[in-house]
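So the protein lines, in turn, are chains B and D. Okay, so the first sequence: first residue is 1 according to the numbering used here, each after it adds one. Okay, so the second sequence: first residue is 1 according to the numbering used here, each after it adds one.
Fair warning: there could be bad hints in the mix.
Stated by the list, open to error - DEER-style ranges, computed between Cβ atoms: (1) 107/D <-> 482/B: 37 to 43 angstroms; (2) 163/D <-> 528/B: 55 to 61 angstroms; (3) 104/D <-> 103/B: 44 to 50 angstroms; (4) 36/D <-> 11/B: 26 to 32 angstroms; (5) 552/B <-> 148/D: 49 to 55 angstroms.
Treat the hints as calculated values from the structure; they're not laboratory data. The C-beta atom is built at its ideal place from N, Cα and C for all residues, glycine as well.
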Amino acid sequence: MTTRDTIQLGLYLIVLILATKPLALHLEKVFEGSKNLLSPIFGPIEKLIYRLLGVNPDEDQHWTKYSIDLLVFSGVTCGFTYLLLRAQKFLPLNPQGFAGMTPDLAYNTAMSFTTNTNWQSYGGESTLSYLSQMLALTFHNFISAAVGIAVAVALIRGISKKEGKGIGNFWADMIRCNLYVLLPICIVYALFLISQGVIQNFHAYDIATTLEGVKQTIAQGPVASQVAIKMLGTNGGGFFNANAAHPYENPTALSNFFQMLSIFLIPSALVYLLGRRVRNKKHGWAVWAAMAIIFVVGVLITAHYEYQGNPKLAELGCSSPANMEGKEARFGIFNSAFFATITTDASCGAVNAMHDSFTPLGGAVPLSNIMLGEIIFGGVGSGLYGMLMYILLTVFIAGLMIGRTPEYVGKKIEGREIKYVMFAMIVMALSILGFTAWGALDPRGLAGLNNPAGHGFSEILYAYTSGTGNNGSAFAGLSANTPFWNWTLAFAMFFGRFFMMIPMLAVAGSLAKKKIHPGGEGTFRVDNSLFVGLLIGVILLVGALTFFPALSLGPIAEHFDMLQGHLFK
Amino acid sequence: MKVLYQSCLATLILAVILCGIYPALVTVAGKLLFAEKANGGLISNHEGNVIGAEIIGQSFSKPIYFHGRPSAAGDKGYDAANSSGTNLGPTNQKLIDGISKNIDDLLKDNPSLKKGQIPTDLVTASASGLDPHISPEAAYVQVERVASARGVSVDEIRNLAKEHIEGPAWGLFGEPVVNVLLLNLDLDRRYPPKG
Numbered sequence: 001m002t003t004r005d006t007i008q009l010g011l012y013l014i015v016l017i018l019a020t021k022p023l024a025l026h027l028e029k030v031f032e033g034s035k036n037l038l039s040p041i042f043g044p045i046e047k048l049i050y051r052l053l054g055v056n057p058d059e060d061q062h063w064t065k066y067s068i069d070l071l072v073f074s075g076v077t078c079g080f081t082y083l084l085l086r087a088q089k090f091l092p093l094n095p096q097g098f099a100g101m102t103p104d105l106a107y108n109t110a111m112s113f114t115t116n117t118n119w120q121s122y123g124g125e126s127t128l129s130y131l132s133q134m135l136a137l138t139f140h141n142f143i144s145a146a147v148g149i150a151v152a153v154a155l156i157r158g159i160s161k162k163e164g165k166g167i168g169n170f171w172a173d174m175i176r177c178n179l180y181v182l183l184p185i186c187i188v189y190a191l192f193l194i195s196q197g198v199i200q201n202f203h204a205y206d207i208a209t210t211l212e213g214v215k216q217t218i219a220q221g222p223v224a225s226q227v228a229i230k231m232l233g234t235n236g237g238g239f240f241n242a243n244a245a246h247p248y249e250n251p252t253a254l255s256n257f258f259q260m261l262s263i264f265l266i267p268s269a270l271v272y273l274l275g276r277r278v279r280n281k282k283h284g285w286a287v288w289a290a291m292a293i294i295f296v297v298g299v300l301i302t303a304h305y306e307y308q309g310n311p312k313l314a315e316l317g318c319s320s321p322a323n324m325e326g327k328e329a330r331f332g333i334f335n336s337a338f339f340a341t342i343t344t345d346a347s348c349g350a351v352n353a354m355h356d357s358f359t360p361l362g363g364a365v366p367l368s369n370i371m372l373g374e375i376i377f378g379g380v381g382s383g384l385y386g387m388l389m390y391i392l393l394t395v396f397i398a399g400l401m402i403g404r405t406p407e408y409v410g411k412k413i414e415g416r417e418i419k420y421v422m423f424a425m426i427v428m429a430l431s432i433l434g435f436t437a438w439g440a441l442d443p444r445g446l447a448g449l450n451n452p453a454g455h456g457f458s459e460i461l462y463a464y465t466s467g468t469g470n471n472g473s474a475f476a477g478l479s480a481n482t483p484f485w486n487w488t489l490a491f492a493m494f495f496g497r498f499f500m501m502i503p504m505l506a507v508a509g510s511l512a513k514k515k516i517h518p519g520g521e522g523t524f525r526v527d528n529s530l531f532v533g534l535l536i537g538v539i540l541l542v543g544a545l546t547f548f549p550a551l552s553l554g555p556i557a558e559h560f561d562m563l564q565g566h567l568f569k
Numbered sequence: 001m002k003v004l005y006q007s008c009l010a011t012l013i014l015a016v017i018l019c020g021i022y023p024a025l026v027t028v029a030g031k032l033l034f035a036e037k038a039n040g041g042l043i044s045n046h047e048g049n050v051i052g053a054e055i056i057g058q059s060f061s062k063p064i065y066f067h068g069r070p071s072a073a074g075d076k077g078y079d080a081a082n083s084s085g086t087n088l089g090p091t092n093q094k095l096i097d098g099i100s101k102n103i104d105d106l107l108k109d110n111p112s113l114k115k116g117q118i119p120t121d122l123v124t125a126s127a128s129g130l131d132p133h134i135s136p137e138a139a140y141v142q143v144e145r146v147a148s149a150r151g152v153s154v155d156e157i158r159n160l161a162k163e164h165i166e167g168p169a170w171g172l173f174g175e176p177v178v179n180v181l182l183l184n185l186d187l188d189r190r191y192p193p194k195g
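Just chain B, with the same shape it has in the complex (with noise of 0.2 angstroms):
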């Protein structure tokens, strides 16, 4: 690493940690429904939002009422989005005249939208119309982004709340957030895309005839609207098949930097607020360090092996191995690493390099990050409640050692609520380990392999950990647009998403009824560094004895063989 790589992951953390409080501050009015800054704008159309779908705001929920109004509204859109891009050929705003999609494909699409995931089978600008890009993958960017960030709230209500029944309103939460959040970030952000060069317009695709006198034809579309909250929103599906390594969706260092800040904007100022919800903000930034030294960590790993790069590079002639493959130059090594570290810490899955080109153990950080639940600052929403899973279960543990009923932040946790987050964790692994047994073994599943050998397997490791994670980045070389990778990867998509959400909410629900007691001498802390150690030890624990064996048959492997100069056809 260089002088300057470090002053910008420095510079990152600078900026995160300032942007974090205040934001937080925002969350905590918006969610209360109290006044805040932008009520003056947005408040009116807000009360008549809720008006027209006869919605009583203050109506509080039993979690049981929040997750069924959660899974309809996500089925309802998802069956919107299916047919929208099954009848794309029939709609306006499709200048290049794409076709509709096939079945698999649009089931798979409309299912990667809705859970936040952004798997995409499809190349954008060679499948999608504008409609299409607007009315299916933005309208979802917002809507599962704001339905990640509502379970997360309700989540933090649970865990907070004195003694209740309810966990808050499934509407007033989702509606709120989309209005007061995401949709104010998104304006003036899409229009700071704008000045760096992002695009934005509607017109067919332009014709150019280069200096040496070749035709080329060049994509354009409303691509800043849908970048912002692609970012924003962790969702991370490009418009163009480069995502954010395409000129016009990431131009220069200084939008990737923003890209990048973007990402772990929310997640983060999550967690404070849970800190400052439990009456406990050093809870709060305990768990924000966990996450931070887990994630600098990877940055430096993957920069380190990226630099490193191929030793073939050398022998061949090239002045650096470094593995310059599969990225761009205006970002170079480092700001690729720091890119591909963010994107799978959290669960955006946007790429501003080929990850499939990474050398093995620079690729097997963002694979190992999303197959640790992506609770590293992680989705948003998602990542805090998916953290908030590792959280009980360290406090549990740390119980059992001490020979004490565990307690967080005044709660007992007890059987139940270990057994949700046990159901969730074992459905994870069970998808990614099954579904990656099932695609190696399968012919129709190799068939879609773009490399040979140790790398093969880790595409097919990869693809099922993102899908199953909702991370929706890939080793982009497999092709998976058949439908044994549309239907399967579309499944395993789903159980990642909702049989992790719903547990959660489960756990809100039963968290919500426990009463608050004070803590004694004898209470595990959860806010001073033992907790953080800890904390990342359970993560880091579980993460290994799951997944390594999966782990040494890819790129462990092949981290060998490229030492060993070994090539596959």
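Fit chain D to the given chain B structure using the hints.
Showing chain D alone in chain B's frame:
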């Protein structure tokens, strides 16, 4: 089922706000504030024909021009309606064969260049296949070829390439790069090719 009705209506209302009003607002504001960039940063020649976009790379193979990075976008490379990298992994024979070929071609085009001095970015494919940039080193190793093809002194071409180095932004962000299309346009303007 009240919740089904609510969900459908909410979908409709939010679609109007988030997919209608929001992108329309951004489009209008973008056109007012940064019209050129919002429209793709297209460059036209003096006859008014579009010759490319400032930040979209295009294919160069003639000796009188600086060449960009290898591209995997579309079948022939630099297809700006089909962005893509090679997605080949580091132990894939195809990757190494491709890079070897790129190196052989580069050495043939630039006889003064020696093995061991080859800038890595000039022989590896970019992520988008549309990378408009190369590293300053990748520009410098092509200076001799361009100078002799245009019959201009090496120093003049080198200075021009140097003028075109951009970044890092604020001295901090990203890497120093040269925009190949802009450099080549400048070349044509200042040192028009003979014949």
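Here is how each hint holds up against the structure:
no.: 1; hint: 107/D <-> 482/B: 37 to 43 angstroms; result: holds, 40 angstroms
no.: 2; hint: 163/D <-> 528/B: 55 to 61 angstroms; result: holds, 56 angstroms
no.: 3; hint: 104/D <-> 103/B: 44 to 50 angstroms; result: holds, 46 angstroms
no.: 4; hint: 36/D <-> 11/B: 26 to 32 angstroms; result: holds, 30 angstroms
no.: 5; hint: 552/B <-> 148/D: 49 to 55 angstroms; result: holds, 53 angstroms
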